[in-house]
Every structure is written in C-alpha cells, then in structure tokens.
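What follows is the residue order along each chain.
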Amino acid sequence: MRTRFLESIGVAAAIVAVTVLLKLAPVAVAGQAPAPSATAAAAKADPALKTAWGEPDLQGIWTYDSDTPLQRPARFANKEFFTDQERAQLDKERAALLSRDKRVERGTELDVAGAYNAVFLSFKPTGRRTSLIVEPPNGRIPPLTPEAQKAAAADREFRLALLQATQTCKTQSVACAGGKYDPKPSPRRAELPPRYNTGRMNRHDGPEDGALGDRCMSGGLPDFGTAFGGSFRRIVQTPGGISMFYDTGQGQGWQRNIVMNGSPHLLSTIRQWWGDSRGHWEGNTLVIDVTNFSPKTDYLGSRENLHLVERWTRTGPSTLEYTVTIEDPTVWTRPWTVKQDFRKQSDQANRIYYEPRCHEGNYAFPSLMLAARLEELAFAEGRGPDPATKDNATDFVGVEDNPLGGF
Amino acid sequence: MRKRFSGSMITVAIAAAALGAVVSVSVTRTVGQAARPARVGGKPNFSGIWQANNEANWDLQAHEARAGAVMQQGSYPYAYAQVPAAPVLALGAVGGVPGSLGVVQGDGQIPYKPEALAIKKENADHWIDRDPEIKCYLPGIPRAMYLPYPFEITQSTNEIHMAYEFTSTARTIHLYKAEGPPDDTWMGHSVGRWEGDTLVVDVTNFNDRTWFDRAGNFHSDALHLVERFTAISADVIRYEVTIEDPKVFTRAWRIAMPLYRRAEPNMQLLDYRCTEFVEEFMFGNLRKQQLVKHWEGETLAIDITRKVPPGDRFYEWYGK
Chain A
1 MRTRFLESIG VAAAIVAVTV LLKLAPVAVA GQAPAPSATA AAAKADPALK
51 TAWGEPDLQG IWTYDSDTPL QRPARFANKE FFTDQERAQL DKERAALLSR
101 DKRVERGTEL DVAGAYNAVF LSFKPTGRRT SLIVEPPNGR IPPLTPEAQK
151 AAAADREFRL ALLQATQTCK TQSVACAGGK YDPKPSPRRA ELPPRYNTGR
201 MNRHDGPEDG ALGDRCMSGG LPDFGTAFGG SFRRIVQTPG GISMFYDTGQ
251 GQGWQRNIVM NGSPHLLSTI RQWWGDSRGH WEGNTLVIDV TNFSPKTDYL
301 GSRENLHLVE RWTRTGPSTL EYTVTIEDPT VWTRPWTVKQ DFRKQSDQAN
351 RIYYEPRCHE GNYAFPSLML AARLEELAFA EGRGPDPATK DNATDFVGVE
401 DNPLGGF
Chain B
1 MRKRFSGSMI TVAIAAAALG AVVSVSVTRT VGQAARPARV GGKPNFSGIW
51 QANNEANWDL QAHEARAGAV MQQGSYPYAY AQVPAAPVLA LGAVGGVPGS
101 LGVVQGDGQI PYKPEALAIK KENADHWIDR DPEIKCYLPG IPRAMYLPYP
151 FEITQSTNEI HMAYEFTSTA RTIHLYKAEG PPDDTWMGHS VGRWEGDTLV
201 VDVTNFNDRT WFDRAGNFHS DALHLVERFT AISADVIRYE VTIEDPKVFT
251 RAWRIAMPLY RRAEPNMQLL DYRCTEFVEE FMFGNLRKQQ LVKHWEGETL
301 AIDITRKVPP GDRFYEWYGK
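Just so you know, the protein sequences line up as chains A and B, in that order. To convert, note that position 106 of the first sequence is 106 in our numbering; the numbers rise steadily by one, no gaps. To convert, note that position 181 of the second sequence is 181 in our numbering; the numbers rise steadily by one, no gaps.
Hints should not be assumed to be uniformly reliable.
[To be verified] With a cut-off of at most 20 Å between alpha-carbon atoms, the simulated DMTMM-like pairs for lysine to aspartate or glutamate come out as follows:
hint, chain 1, residue 1, chain 2, residue 2
1, A, Lys296, B, Glu280
2, B, Lys135, B, Glu227
3, B, Lys177, A, Asp347
What the hints contain is simulated information worked out from the structure, not anything from laboratory work.
Modelling step: build the complete structure from the supplied sequences, incorporating the hints.
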C-alpha cells in the first residue's frame, strides 16, 4: 500500500502539500475576511460575476482554504464558530502533529502505518466553523436507521474477524477497536464480505478485496477533500453547459459534465460511479440533483439510494459557496446539509493537469496480491507464518489524534 | 461463472441492438444539445458532444478488414489466411477489424525513421501487452479525439474544455499564454488560438507512453501537435492534426477526419470507468482462485498468454 503511494503518487502529493503549506500565512489572513453571506448580496449586483453570455460565472479553479471537520467535535458541542483563540490553539496542536514521528516500533509489520508523514499531508489553517455540517444544527451526521446500523455492524464485524489473529489485535491497536484477539484465525476469511467491498480489509484474495482507493477508484461524490492532497475543481462554462473536473485524492480525479437541458434523470437501471448530475439555475445559484449511484459506491454507508442536491453560488470575485443536502432514507433518519466555502485559485499557479493519475502507476495493488500469494506459498512450504496472523491492511494509525477528527 | 458470463453477454448484445434501433429513429437536429448558440464570444461554438465515426483508432493508415484483432496461423501458412486467436476467438464476427481508407494525408505513409519502424512493428506484434488503451491508461492526444467513445466540448471565452467519456479524462485548452507543466504528461499541454473561425491548438509536454492507434503507431516525448478545428457545418467539424516528433519521424505528417455531433436530443456522457474493467486482465493472474481457466469439454474458457515484452516497466518492477 505504502509503496504504491510512494511510487506513483508521491510526487503529486508532495507538490500539492508543499503548495498548500506555502500558503499557510496568507490564507490565515484571508480567513478573517467578511463572511460569505455578507458578500452574497453584493455579488448579485456585480456584473463581473456573470459570463459574457449573462449566466452566473462559476468558472475557475477552486478549492477550500481552511480545514473544517465534517462533524462538530464533541468538545465544541453547541458552538457554531471557533473563537480566534481556539483556532490559534488548534493550529498549534495540528502543526505539532505534522512534525511528529508516527511510526511504531521499527521493523514491525505495523511500522508502515506511520509512513505517511507531513510530506503527504496538506493541513490548512483551522476554519471559522466548527463543522462543515450546517444542518442539523448540532453539526453532526444524523443517526443511522436501524437497518443501516445493522449493515455497518456486520461490515465492521467481518473486517475485525480478518484481523483477530494478528498483532494488531494482540497489541490492542485502535485498528482493532471493538474486536478481540484470538490466536486462531477466523473461518470467516473464506467468506464473502456482507456487501460489496469498498474499504480496506486484511485479505487480498483478488481485486475486489481491495479498497476503492487502492484500486484507484476512490474519486466520487460528495467530495469534501481530505488532508491527502486536498480537492480542487476546475469549472468551465458555455451557454447552457457546465464542466467540472475534480482533481482529488492523489490522482483519483474525474470529469463531471452537468446535464442542463431540463431532461429527467437516467433510467433507474443505469447506475454510475459518479451518479447522474442534472442542473438548472435558480437565480444566481446552480442547483444540481444527483441520483443513479452505483451500488459499488459507498458514502458513509450510503450506496445506490444516495441522493444529493447541490447548490453552487458565486458569492464574490474570489469566493464560491457550495452546499449539498445529502439524503438516503435507507441510511439516515433525516437529510443533512454540508456547506463548504471555495476560494478561487490562480489559473497560472494552479493549473490542473489531471495527472499523474493513480491507475497508470498502480504498482502496489498487484504487489499486495502478489505478496499475499507468496506468503501463502511460504506458509504451505513451512517457510513462513500463517498469513492469517499477519496484518497487511492497517494504515493511518494516529489519525485519531487530530483534534479536528479523522479525515 | 462461465455460464453466467455467456448469458449476460448475449443479453447485452440484444440490449445494444435494441438500443441502436431506438437511437437511430429518435435522431433530430433541431432539439437538445444542437440548440446552443452558433457563436460564443464571436467564435464558432464547438460546444456539445462529438464523436469520430471512423476506423482511425484501429490503424491511422489504410488497411483491409481482418477476421480478428489478434490473429494466428490457420491451415495455410499465408499471412492472408490467418484465423482469429484466442483473445478474440469467442467473439466471432464481433471480434474482427473493419477496413479503412486511412486518415493519414498525402501519400498515406507515416514517415518513421528505420529504427522507429522496427519498434512500430514490434508494437503491433505485442498489441495486447503494449497498447495503453487495453490497460485503460490515459489515451493522450490525438487518440482521445477518435477513440470510439463520445467526448464533450465546453467552450468558454478564454478556455475550451474537452471531457472524454473514456476513463473520465479531460484536457483544458488555454486560450491565453500558459506555460507548460514542469514534467511530461499523458494528455499534453494545450494552448489554443483562433485563426479566423479555425481553432488552432498547440499541444506539447507529452510523455512517450501513449499511442496513436491499435496498430502500434507510437511517438516519443518529443511529440508536438498542431490541431486545427474548423466547422464544416453546425454538426460536423473538420479535425486536422500536424504531427511532429524528430526522434521518431523523418518529417512532419498530417491526419484529418470529420468529427460528428452526437445529435440525439438526450445525449450525455456516461461513465466508462475502465480502471475497474481491466482489473481482471491486469491482475487476474494474482487471484487466489483464478477465474480464467482453460477448455472444459466443449466449453471455451479463454486462455490469454501474456508474453510480456522486455522493457515493460510495470511487469519488470513487480515481477522481481
């Protein structure tokens, strides 16, 4: 795993990380500019924010310039905004994380888990808001429905079963939280996962055991960015047409063209990795309705029934407000809404090349499987340990220390 | 597994045939995407969904039809009497290659240097192992323009974006001075300008890993393209490319072809996320239980022999 990122995407990640780190100082100042809502009214009167043919102008390269947790951290419950002191303190704590050596004991099988150091991360200054979620007002993802809870528990149980005979559980690593150590490998190693796999598991019998990210297929909707290289949009418009390229996830970028002709969604039999996006203008706001997701996609447990309603509004010369209402009655007990503020990037300094792309350099994914086959062979010939007692899946140990939560 | 496979293929074939019939009767030129304004910022509006409708992706040069994309010797020892080989055998007439008059202008020849011509021939012999399209790698330019998949042009006043259905890739044509990237790229760096009503695009900063077609026509990282887009009518663009690469060719050469508007009123780009589709091809041999086996009685279970050519960085790296 680690090898793939290092080999194929390391350069891209490093470039992005460095770019963002260089921006720390100016961005912190920009964060104190008037709130987007104050400029929204002004935007309506500004003809410069219209295209030559009179539609609202969303064009340019956009990204978020501060880090805001998706969900409000428990210690800030009932607080919509951080104080300036709190932000300064959080920036200090997070900056310390960047220089920390996260590797566990050298030479152990979990040693690779800390290999993602600051070079690969793009921490930005803490934003003003305590959560990207603005609805419900508590800033938290609504409770899961009973059936979604059941599905999540079954999935988690399966993954823990594959780890139970490994050092990860023996040493009570957080990666084994909720599970227990048993030196005897679980018979569930021979089972199919409870549902189509999208995440990391401690088994590599075939491509489908891989996480979507390892398979170079993690780019999807909704996308709020991560600390690994951030997330950019390149928007180009034409009369009645909008194109968005998502440069995201270290080479997992993808192209999105919004259907603007007022026609209904695709037949429900057509299911897509990126859904079906149909947009229209409501005043200055581009509203996009997204459905028809594939059951192979997974956003926090939501799959083919995911329904998004996005609203894109240019709020000023360099600002764009993005909100998305996320709905899946089979997963969440109510819809919820996320708001993210984008800032325009320099066309010259931040041109997007849509590459290097993950897939063309994906050396590590076949290596994961090859290594698994070699371990099985060594075990069969009495040269190595039972592969079921080894953990080749756990990564990112230490993420839980981030005061803004995981990513 | 096998039974389900052949069953579903038949279903797909029937569905495709049915869909083709529906599409062909519903085509009109007056509604849907064709309703866009004729000009944007005073220039011809190329916005919309387009597709080449030719055999250039099989081979830029003129060629006769053949029975299979991969061939082997049949009963006779003659090249013209070869029969389809295992990778396409089960596809019957669907696995064949249509003939073409070619899209290379002038004498129809691609002016390879002698040593480059040898590489081209070797590429053709190792097509399955070497063609980046088969691995779902980024197609590069100009190939992305005539792959058998639609692409969408979004034309603004200072940028023209081209989004390709094949593997959801894209390029932005900058209509302003934009310096190239610090490293070479698969899709190139495109800077455009208008010469009257013709869009002229200069494309540089390529790597040496994309091909022109399935016939093994290739280039180096010195590739330099000048593309010209000229409207023949509201629904047809003349697409012409001058190709220069002093490491591979003795002189510049040109290809030209029409690009046609996909005039179906409900046309839109759909997913073609082939990264997923090629997993079995690329990684199937690493499965604990392999899916592709052998002949089972009268049942064809296709064997693909991968003769990995020397110099393939991917296989050499992980084969260590």
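Hints versus structure:
1. Restraint check: the Cα-Cα separation between lysine 296 of chain A and glutamate 280 of chain B comes to about 17 Å, which is no more than 20 Å; the hinted pair holds.
2. The suggested pairing of lysine 135 of chain B with glutamate 227 of chain B is violated, with an alpha-carbon distance near 26 Å, which exceeds 20 Å.
3. With a CA separation close to 11 Å, the supplied pair lysine 177 of chain B and aspartate 347 of chain A stays within the 20 Å bound.
In this structure, the one hint that does not hold is number 2.
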